[in-house]
Amino acid sequence: MSTERRAVGSGQWAVGVRGATAYCLLATAAFALVALRPSAQTQQPAADDRGRAVYVKWCAGCHGDQGRGDGPAARHLLPRPRDFTRAVYQIRTTANGELPRGADLRRVVDDGMPGTSMPGWRATLSGQDREAVVRYVRSFSTAFAGTEPAALDFGGDPGGAQAAIDSGRALYRGIECWKCHGDAGRGDGPSAPRLEDDWNFPIRAANLTENWLFNGGGDVQDIYRRLLTGLDGTPMPSFTSTVEGGQYTFADLWRIAHYVRSLSPEDPPRPADVVRAALVAALPAAPDDSAWAAVDRFWVPLAGQVIVRPRWFAPTVSGVWVQAVHDGGSLVLRVSWTDPSESPDSTWNPWRSRVATHMAHDDSAAAADPAPRPDRVVVQFPMRVPTGMDRPYFLAGSPDEAVYLWQWESAPRAAVEATARGLDAVSPLAAASDSLRAAAVYDRGEWRVQFTRSLTTADSTDRLQFATGRAIPMALFAWDGSNGEAGTRGAVGSWISIYLAEPGGAGTFVWPLVMTLATAGLVLVVIRRAQHAARAAGTAGQSTIRTPDTAEAV
Amino acid sequence: MSAWKLVALGTISALALTGCGGGGEAGSGGTPAAAVAFPVDTTTAATITGTVRFAGTRPTLARIDMSEEATCAGKHPNGAFSEVAVVNSNGTLANVFVYVKEGLDAGLTFPVPREAVTINQDGCIYHPRVFGIQVGQTLNIQNSDGLLHNIKAVPTANRPFNISQPTNMTTSRTFTTPEIMVPLECNVHSWMNAFVGVTTHPYHATTGADGSFTIRRLPPGTYTLEIWHERFGVQTQQVTVGASESKTVAFTVRG
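So the protein sequences, as listed, match chains S and Y.
According to the working numbering, the stretch in the first sequence is residues 1 to 554, in order.
According to the working numbering, the stretch in the second sequence is residues 1 to 255, in order.
Mixed in with the good hints, there may be bad ones.
[Stated by the list, open to error] Taking CB as the label site, the calculated pair distances span:
(1) S:R309 / Y:L61: 39 to 49 Å
(2) Y:P183 / S:A360: 18 to 28 Å
(3) Y:G74 / S:A431: 47 to 57 Å
(4) S:D157 / Y:G255: 51 to 61 Å
(5) Y:P183 / S:A251: 33 to 43 Å
(6) Y:S244 / S:A360: 53 to 63 Å
(7) S:A431 / Y:G79: 44 to 54 Å
(8) S:D183 / Y:S89: 38 to 48 Å
(9) Y:N120 / S:T357: 27 to 37 Å
(10) Y:G255 / S:P269: 53 to 63 Å
Please keep in mind that the hints were generated in silico from the structure rather than gathered at the bench.
No residue lacks a Cβ here, since even glycine has one placed at the ideal position from N, Cα and C.
Looking at chain S on its own, in the form it has when it is part of the complex (with noise of 0.2 Å):
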């Protein structure tokens, strides 16, 4: 705090006097003291010397040396590091518009705020020192001045369960969460294309679908709380109004917040080293086919392509899921991944343009091209089944070692193959008869792409040649259009595998089948033969023998 900073009996005064006018009576004392006393500085600030020490060390070079958000990284992220001297905080127990207490100030400097570049302390920083950082940062503004603002009393979940759910996603639509959250929650709503934070960067509206990104914890608690708070500095803003204007209630705020976390898996996605395709009898026919429903999906995490120039630091895709399957003949890969926009979409063209304008700079001078660009997805595989340990490099292969590519695109809507040496040195296959296919859906923020190739061609020069029962390198990649990504500007993902099950192999699909089948027909034989032993003795009608009962018997 600022009173303390100062240094200068803060708790005599901070208690004796109140407002603005109070305060300016307090620094005007302070200045004077200090001037008169120099040694008052250096009596007490050791906290001080620590707080700032940590904050030179770990912080300032995002966050700035005065505590504006301007430090030499700042410029390639979004969202921007916070600016201190605005005293304006996203994660509160406080109300809307109240200054965070030093809790709130200490959760974030503890657990980071997961969507954005803000890391967790918890583990670098003791908590002495992280305590000692929080107070340096409140000195950046003269707002912390005062005492501290209460917390507002939360109280307890009334649960609910499904119910809650169901009504909670009436009320998602009836307040309108779906203008920025998109109706399915995946940041796609009409004016998300629009949106800025409060020093005008802009900013997505949260894809409700990856809780575990939530800024201030994906909890249902956590979720309610940031309804009631807002989240300051954003668009997002408290419904506390709703509730004191008699529209809705606390519980109608409970209900919303289940219906959101209801969005998101019940535990965040461990990501995946291996991407398992069982073998089955029969293919998917598209992405929305019924049956991908019943297939396991892996969670692929992407970043940011931060080595080749021009790199990139704020991508759209925070991760792919991955389901695969085949038949023995072909393989089938399913990669599901939000996106809020359809690119190239002419709605999105005002974020573009804003995201091109703000990480412009001598690295990605490209950014500034405002040309609409397609969504896209690679799939990257190396060029043979490796025997050892061996791979090409992760990032689209190297001059030396080559790697095979799937690459889809949103616009023309169509899949390619391709061997790359570099990401600057793609070179598309021919199309052949046993060609790559592809087949693509979007749903409301969510691009479903479904790949089939056989597992062999008749190129086997240029195109991997899949086996089963083999770890096969895989890595994957994805490209926003509408976020200005094209080229090295993308999400990449590193090496992970895929397994193909064997066929005949034990726990793999066909001989449970065989045995269900195998199975069914005895018991068939065996209640017709039944059924006509009955028959035979002249009790036919008064059968004993009820075929369900027998087949569960069996």
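With chain S fixed as given, assemble chain Y onto it according to the hints.
Chain Y alone, transformed into the frame defined by chain S:
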């Protein structure tokens, strides 16, 4: 020591020593309304009237695309147009905020007006777009559209607010510190912007359809009058008024 002397001392010393004059004045405005009488002798008070002329090429106002919000589009059968630079038919400029910037006795403390100021969201447009309010005076924020607006204040001296109004309703807020101007915006409808000038005194006005303004009940003295426009910036003029005098001033804004 009387209350206003304490305030004045605080303000002056703060300005002199720490440069936080804004914060100092906020305290005086926050004094309870009931305890303060209007501190100016109205029998000798002066009036300043004036106009803001516009010189230059009349700006073309862009049509607002409200197609995503049928209810609001329906309230503008002839289309809705941007109000960032409204030049009146008589060649004057509307939506100019005019206020006494300097010259008032620092010891004067003005009662907080009992009547509230209302900003209405109607047809996905703010009414009014530019207006003044006194520190501590109630701002009623009204939604007459029956659809989701959020109203966000993005101040630098005051605390921010960001209120959700998903239906017809009215919410009240106040400002604690003088600030020229506090932007208000709706993030659901990116074309919705308004600006509120927060002062410690009642000497403010906004030009309307005839480009004129009137500031009444001023104590005799010499004042710095400032005009503010969202696109064309600020201008100031020195004006001296004697007891019971009415003076006319003219501003010209070049586009």
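Hint-by-hint comparison with the structure:
no.	hint	in the structure
1	S:R309 / Y:L61: 39 to 49 Å	holds (43 Å)
2	Y:P183 / S:A360: 18 to 28 Å	holds (25 Å)
3	Y:G74 / S:A431: 47 to 57 Å	holds (52 Å)
4	S:D157 / Y:G255: 51 to 61 Å	holds (57 Å)
5	Y:P183 / S:A251: 33 to 43 Å	holds (34 Å)
6	Y:S244 / S:A360: 53 to 63 Å	holds (60 Å)
7	S:A431 / Y:G79: 44 to 54 Å	holds (50 Å)
8	S:D183 / Y:S89: 38 to 48 Å	holds (45 Å)
9	Y:N120 / S:T357: 27 to 37 Å	holds (33 Å)
10	Y:G255 / S:P269: 53 to 63 Å	holds (56 Å)
Checked against the numbered hints given earlier, the structure satisfies every one of them.
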